[in-house]
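Q: Listed here are the chains, written in short residue letters.
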Amino acid sequence: MSDWLENHLPKAVLAPSFIAVLIFVYGFIAWTGWVSFTRSRLLPKYEIEGIIQYERLFASPRWDTAMNNLLLFGALFIVISMVLGLLLAILLDQQIRTEGVIRTIYLYPMALSMIVTGTAWKWILNPGLGIEAMVRGWGFESFTFDWLVNPDYAIYTVVLAGVWQSSGFVMALFLAGLRSVDEEIIKAAQVDGIPTWRIYSAIIIPSMAPIFLSAFIVLAHLAIKSFDLVIALTGGGPGYATDLPATYMYAMAFSRGDIGQAASSAMVMMGVVFAIVVPYLYSELRPRND
Amino acid sequence: MTDLSMTTPQNPSKTGSNLRKIALRWGLYLILGVFVLYYVMPLYVMITTSLKSLEEIRTGSLMALPRDVTFDAWATAWSGACTGIQCEGLKPYFWNSVLMAVPAVALSTFLGAMNGYVIAQWNFKGANLIFSLMLFGCFIPFQVVLLPMARMLGLMGLAGSIPGLIFVHVIYGIGFTTLFFRNYYVTIPQDLVKAAKVDGAGFIRIFWSIFLPLSLPIIVVTVIWQFTQVWNDFLFGVSFSQAGTQPVTVALNNIVNSTTGVKEYNVDMAAAIIAALPTLFVYIVAGKYFIRGLTAGSVKG
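First to last, the protein sequences are chains E and X.
Take the first sequence: its position 1, counting from 1, is numbered 1 in our numbering, and each next residue is one higher.
Each position in the second sequence, counted from 1, maps to that position plus 1000 in our numbering.
Next up, chain X with everything else stripped away, as it sits in the complex (with noise of 0.2 Å):
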């Protein structure tokens, strides 16, 4: 292809494809500006709608802004608001989720790291049988394994429990993880590895000292995407949970179907932004990080 880089593209520029353009560019933008509304509408609508009355949820418009600003509902999601028959709202649950999550990431990053670092670099027989196998695990519906994996936790003595949830979360998360470092670490030339070795650096002072300061950005890709994978999960956590150690996601769902009392929306819509308030936090700080991990399952190379 370089051979047609010498050419220079063409400009033609007359008024009248001038004004056509301009036209063109106009419609673009109504265009992308109608879907920024369709994916900005329901956040705005959770968003007002917590902040409304019962009353005037009722008597109002879906879209309205809330005449009265109130954070009645907020105040009720987070500590008041009944999941079945307690209501202490969503801080318990909420606090189970971060209790779940902070050791599953963690655990499951550092294993990924290391399974990632030996298949990558540490070539031997099988490795890439087994990396194959590990992947495939990231594929499985979790539906096949929640049958037996409810009788392991219950003989491990784990049933209904947060270290039951953080065992299953971080099994069922090393596939990807693996996934990540590995995808980082063949891209280091394993010469590093060679001179190392003969500068009598071993397995662990390699990873140590050449590999660990090198994968930050791996790190940051793979734990923001095992924070949002575990705290969104909502499978795991209804199926493996009992009453207390429910995750926010369960605690969420049972708050908006639970039947007793009026229908308060506004408590539901607080409680969901709530439950979404710390994935969201994660994308608006580290989107790029965020974007990055979604592709890098799906995209080659």
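For reference, chain E alone in the conformation it holds in the complex (with noise of 0.2 Å):
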């Protein structure tokens, strides 16, 4: 009897967590699934309708901009990051004296929530007391950076903050992959003579591959997740002008009572993760089964 016990003890304690995670994240998923086919709005209901929500979503003005705003900061917020983290990654490791405060003050933005970033950057922005009112005040009456409340410009403020949080990150990334180059190669290159921008285009950049892979699906994940930041820093405006698809969800379930609209736009917001961490989780996990 104890034996059978001791035998099956890590399965039980295993148990709990794993139908949880079967319950609350893949029930979850099959929930609003099946809703998202339905025609529920204020309250949920199961009669499966077809894709009729898929198509008032992608009706809606409101989500085409949700899905251009997502495409534009996305790609600037990971490039940029990415760019932004190797540069400084690359300059970090030129044995700088007082490298570890600089690394620190890097990365410290990682520590803070996006609703704090998003009150700095929102008060240093907002052109009637912060950045633009300093420059015309030195003497620049003419200067104008009204990004924060100009409905071409908002979106590329939210792309501001987010590499303000998101490179320093990215930066102890490619620091950590410099360092765990293979020194031998690099003494034996310096060794033939090749300069030291080869040496790292040639050499050290595409050896860490698998972290420009990294970076980009964390970076990739962080910004269609992005929710918070655009809540504190434009509140998704002006008008719907920075909506992205987290905050059309978000208004839809919470504040315009539309359920189906909110359950089928998250089912395509998970399709999109779906289809960047599926194929990276499954080359990270398939070696490790021995």
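Derived from the structure by calculation, the hints contain no laboratory data.
Even glycine gets a Cβ: it sits at the ideal position worked out from N, Cα and C.
Hints are supplied without guarantee of correctness; some may be wrong.
Below, a list of computed lysine to any residue pairs in the SDA-like style, where the Cα atoms sit at most 25 Å apart [unchecked claim]:
(1) LYS1288/X / VAL101/E
(2) LYS1263/X / ALA133/E
(3) LYS1194/X / ASN1123/X
(4) LYS1021/X / ARG198/E
Partial chain E-side listing against chain X, Cβ under 7 Å, derived [to be verified]:
(5) PRO10
(6) VAL25
(7) LEU71
(8) ILE102
(9) ILE105
(10) SER113
(11) VAL116
(12) TRP123
(13) ALA232
(14) MET270
(15) GLY271
Make the complex out of the two chains shown on their own, each in a separate frame, by following the hints.
A: Rendered as structure tokens:
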């Protein structure tokens, strides 16, 4: 009897978490998926009605704006964070004496809540008293920097704050990568008289391909889930100018009382994440199955 | 690569290239310095703004140091600022966050340790599949579970309560905590468990006297990661709380966007710093572990 217990104890320990994940992750995804095919409005209905919610979603100009914003924000956020992160990592890898301090400063935004980041940048970027007013105070009377309240440019302020928050993290990833490159290869290349920039572009950076992939996955994931930053910085405005799928979903679920739209937009977000993460997880987990 | 280790790097030091090197060095420090300013600037502006009077904010410049340092804004942010109709400052919400974060972090770390131990050391059929399924749960956009979770919390009688928020954070935290412990425990040789079993030690005994004593570093990493996640969360907080149970991030957002009365930027900034202090403190005290947690999920091995 105690042997039987002992043999099954590991499974019994894992079971509650596993069951919780099955219900609260997979069961809930199934629920949301189901409801996205119904006519649910204020309350969920369970009769399948086909793809009506998705038709409404893709016909909605607000959703169109949200998806375009995600594409623009996501692309800029990922590319700028990666370029900046790599640049800073390479610069910091040159035996800088104060490296520890500088690294700490570059990375601290990652410890902050996006709400804090958004609040800070909202104040800095506000045209009335922020950077615009400051530069005008210096004597440049016609200086304008009103991106925060300009519907055409507001999304770039989200990029600015997002990059500020996350680029230090990418730097830390790349710095760890640079430190793990085989030094012997670099030494050999130096002996051969290969210029430093060639050593970086032809040897070091290509050898960090897995880190580029990791950074991309993490940043893409952050971009798709971006919600709090937009809420705190622009509130999705002016108008709907900085809506993202996450803010659209939230608005439908909790202020518009349109559960069908909320569910279908959440499923589309899920699909985008799925398309990016699943191939990555698959390749990460496979070699470990030894 | 070992065959190359015999060669030593040459060191061409001529005065001409030396001068170039010094110039490069200065350029390097200059660029790094410019970025230091970029990252520090918002924090600097937050702190200086929070120490100014409203009058000085209106007449002065964004980057200027405060002429008369005043802590009035801090006092207001802590115990007088309005979040909508209530004007109690951040204080009650700060404690809400503490009451939410401490049990949520403790529970999810404990469950992660047990799960990681089982998956890494007690291989049974399907363990890897279970791990993959749990891992995938880390990556879902939480929007996809918001609606059913709101209903579920209602059914469980936890709607709008702090225990409800604890529950949500534990459920969606165990994926990561399991990942952390699993990746840590796979590096411990399985022979250790086999030997202990031969000596008659059981599942719990082996965990308690072999694995737990080895686990301090990964416990620190996990606790810091979870604390940062839970403290900084906004989506669950705003979706599953009600007036009175909101966490500090939600209250901060309400203070900043409160439309009643004059816009008090200095109070906003003080409130933002107060909301950020716990995680900033953790980062400054245990930065090494913080970074390890950040990179653990994303760098293989």
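Q: The structure should be examined with respect to each hint, and the outcome stated for every one.
A: Hints, verified against the model:
1. Between LYS1288/X and VAL101/E the CA atoms are separated by roughly 12 Å; this keeps the pair inside 25 Å, and the hint holds.
2. Pair hint LYS1263/X plus ALA133/E holds up; C-alpha atoms about 17 Å apart against a cutoff of 25 Å.
3. Restraint check for LYS1194/X and ASN1123/X: the C-alpha separation of about 12 Å stays at or below 25 Å, so the hint holds.
4. At most 25 Å may separate the alpha-carbon atoms for a hinted pair to count; LYS1021/X and ARG198/E meet this at roughly 18 Å.
5. With a least beta-carbon distance of about 4 Å to chain X, the hint placing PRO10/E at the interface is held under the 7 Å criterion.
6. At its closest, the beta carbon of VAL25/E sits 4 Å from a beta carbon of chain X; the interface hint therefore holds under the 7 Å criterion.
7. Evaluation of the LEU71/E hint against chain X yields a violated restraint, the C-beta minimum of about 16 Å exceeding 7 Å.
8. Taken as an interface hint, ILE102/E checks out: its beta carbon lies about 6 Å from the nearest beta carbon of chain X, inside 7 Å.
9. Hint status for ILE105/E: holds, given a least beta-carbon distance of 5 Å to chain X, under 7 Å.
10. At a threshold of 7 Å, the smallest CB-CB gap from SER113/E to chain X is about 4 Å, leaving the interface hint in force.
11. Hint on VAL116/E holds. Least Cβ distance to chain X is approximately 5 Å, under the 7 Å limit.
12. Given hint, TRP123/E at the interface with chain X, holds; its Cβ is 6 Å from that chain's nearest Cβ, closer than 7 Å.
13. Using the Cβ-Cβ criterion of 7 Å, the hint placing ALA232/E at the interface with chain X is satisfied: the shortest such distance is roughly 6 Å.
14. Evaluation of the MET270/E hint against chain X yields a held restraint, the C-beta minimum of about 5 Å falling below 7 Å.
15. Interface restraint check: GLY271/E against chain X, minimum CB-CB distance 10 Å, threshold 7 Å, status violated.
Hints 7 and 15 from the earlier list are contradicted by this structure; the remaining hints agree with it.
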